[in-house]
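When you get a sec, could you build the whole thing from the sequences and use the hints?
Chains A and B are the protein sequences, given in the same order. Take the first sequence: its position 19, counting from 1, is numbered 19 in our numbering, and each next residue is one higher. Take the second sequence: its position 161, counting from 1, is numbered 161 in our numbering, and each next residue is one higher.
Think of the hints as simulated: they come from the structure by calculation, not from any bench. Cβ coordinates follow ideal geometry from the N, Cα and C atoms, glycine included. Where hints are given, some of them may not hold.
What the hints assert, rightly or not - Heads up, simulated PhoX-like pairs for lysine-lysine below, C-alpha to C-alpha not over 25 Å straight-line:
id	chain 1	residue 1	chain 2	residue 2
1	A	Lys195	A	Lys62
2	A	Lys193	B	Lys44
3	A	Lys116	B	Lys92
4	A	Lys179	B	Lys37
5	A	Lys50	A	Lys188
6	A	Lys195	A	Lys179
7	B	Lys90	A	Lys139
8	A	Lys149	A	Lys86
9	B	Lys123	A	Lys116
10	B	Lys207	A	Lys193
11	A	Lys134	A	Lys116
12	A	Lys179	B	Lys207
13	A	Lys195	B	Lys207
14	B	Lys185	A	Lys134
15	A	Lys62	A	Lys150
16	B	Lys207	B	Lys51
17	A	Lys116	B	Lys90
18	B	Lys123	A	Lys109
19	A	Lys42	A	Lys134
20	B	Lys207	B	Lys44
To be verified - Cβ pair distances, simulated, as ranges:
id	chain 1	residue 1	chain 2	residue 2	range
21	A	Lys50	B	Val177	41 to 51 Å
22	A	Gly47	B	Gly226	28 to 38 Å
23	A	Gly47	B	Gly149	19 to 29 Å
24	B	Pro64	A	Ser80	54 to 64 Å
25	B	Leu181	A	Ala180	39 to 49 Å
26	B	Glu122	A	Met120	15 to 25 Å
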Amino acid sequence: MFKSLLCVVLSVFAVQAMAQEAPDVLARSVMTDVLEIVKTDKAIQAGDQKRIIDLVEAKVVKHFDFQHMTALAVGREWRSASAEQKTALAAEFQTLLVRSYSNALAQYKNQTIDFKPLRMQAADTDVIVRTEIKQPGAKPVAIDYDMEKKADGWKVYDVMVAGVSLVTNYRETFSQEIKAGGIDGLIKSLREKNKQLEAGKK
Amino acid sequence: MKIRESGFLLLSLLLVLSGCASTGGNPTDPWEGVNRKVFVFNDKLDTYALKPVAQGYQAVTPLPARTNISNFFGNVEDVWIGVNNLLQGKPKDGASDFGRFAVNSTIGILGFFDIASEIGLEKHDEDFGQTLGRWGVGDGPYMVLPLFGSSTVRDTGGMIVDRLTYNPNSLIKRIPVRNGLTATKVVNLRAQLLGAERALDEAALDKYVFMRNFHLQRRRSLIYDGRPPREDDFSAAPLVEPQGPGMLSQRGLFDLVLVDASSPMPVDGE
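Below you can see the structure in the form of structure tokens.
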């Protein structure tokens, strides 16, 4: 009896500890894990798109907050969207981002990734994990992850490539789409883009 | 390029552009109509000429050789990068750039090996357009230049100054050698970007707008040396918002305002 109680208490602590894992530690372990697979998996190296997308879905997606990302990309129109629209938008945007991200990952061959020391206070709930991709013969490219603390651990809500926010880079296109066809118009455009990419894959 | 030639080029470009009415909705891009046409032209030129050449180059040149070539061109640029760092009031960075040039030109055998990076002298990215930005000159309207691609009025001016002031190629008297060097530089640069354009194709709903935003944000980040102030979560179009010195697109090219000492600029040596 006492033993099982202890077990429960311990596992609760373990879960909490995992959720509270420092953002840079988390980012490093996920990235190292994924890149190791990308480098060694023959199908991925041979250009198997489905396989790398599956990998990203399985290992990376749960550490991203796509609702927050979509809200950032949509900007102030986000508030006027209904709950269903928000869900649909976030889902389509997620599909698009996962695909782009997977394809960028698939290019990973000779690069090495450097994690910069994290500057963070214990009470911080919003941090930037800075990394640098080094490749022979080219200037290193900075890739920074904006992460925030949620109940179930740290989540990425923006990725900065070479100082450019991937998310706000969409804002202008999104607002144009919304102006032309409302939130539903934007959902439709994203859906079509995803379908088109899906078809082109084969 | 001689002064008169480039001045004429810029002037005629501006005249052509100013004749075109605004089309899109973005105030930073009043010449969108023409820009889009040049964008398509560049894209075609790339697809049918530059990209295949870069792919061929990548196929026949082993990676270490490509690295040496990139290092060589990078080394030549370090002097001008250093000058710009001095002009921007960053003597430490400037000295480091000159140190890089000294180390790499000698121990690094004419710059083919980037020894300086290995001993901790970091490579920087500066040009006169950034210096102008640092001094408070706004971007001015967005421009897509034939061959050169995305730019702004300020950066086009900056690029002309770059080329007129610092043109080590002109030291080479034999024209074929000079042209050969320029061609190698361009092809080598393009080869580094192979793969990047596929990401662009896949990610963008409208490639032109995506590219424009990427370019403008990238320049902004470079001016702040990679530490631009974060934009608001729910503000309107971020590119037209006054964010700090040098970021006001409404400001003209010649509106040379020195940066106020109290302005939030990143601290050197971070």
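Structure-based check of each hint:
| no. | hint | in the structure |
| --- | --- | --- |
| 1 | A:Lys195 <-> A:Lys62 | holds (23 Å) |
| 2 | A:Lys193 <-> B:Lys44 | holds (22 Å) |
| 3 | A:Lys116 <-> B:Lys92 | holds (21 Å) |
| 4 | A:Lys179 <-> B:Lys37 | holds (24 Å) |
| 5 | A:Lys50 <-> A:Lys188 | holds (23 Å) |
| 6 | A:Lys195 <-> A:Lys179 | holds (23 Å) |
| 7 | B:Lys90 <-> A:Lys139 | holds (21 Å) |
| 8 | A:Lys149 <-> A:Lys86 | holds (21 Å) |
| 9 | B:Lys123 <-> A:Lys116 | holds (17 Å) |
| 10 | B:Lys207 <-> A:Lys193 | holds (12 Å) |
| 11 | A:Lys134 <-> A:Lys116 | holds (13 Å) |
| 12 | A:Lys179 <-> B:Lys207 | holds (18 Å) |
| 13 | A:Lys195 <-> B:Lys207 | holds (17 Å) |
| 14 | B:Lys185 <-> A:Lys134 | holds (20 Å) |
| 15 | A:Lys62 <-> A:Lys150 | holds (12 Å) |
| 16 | B:Lys207 <-> B:Lys51 | holds (18 Å) |
| 17 | A:Lys116 <-> B:Lys90 | holds (23 Å) |
| 18 | B:Lys123 <-> A:Lys109 | holds (23 Å) |
| 19 | A:Lys42 <-> A:Lys134 | holds (23 Å) |
| 20 | B:Lys207 <-> B:Lys44 | holds (14 Å) |
| 21 | A:Lys50 <-> B:Val177: 41 to 51 Å | holds (49 Å) |
| 22 | A:Gly47 <-> B:Gly226: 28 to 38 Å | holds (32 Å) |
| 23 | A:Gly47 <-> B:Gly149: 19 to 29 Å | holds (28 Å) |
| 24 | B:Pro64 <-> A:Ser80: 54 to 64 Å | holds (55 Å) |
| 25 | B:Leu181 <-> A:Ala180: 39 to 49 Å | holds (48 Å) |
| 26 | B:Glu122 <-> A:Met120: 15 to 25 Å | holds (23 Å) |
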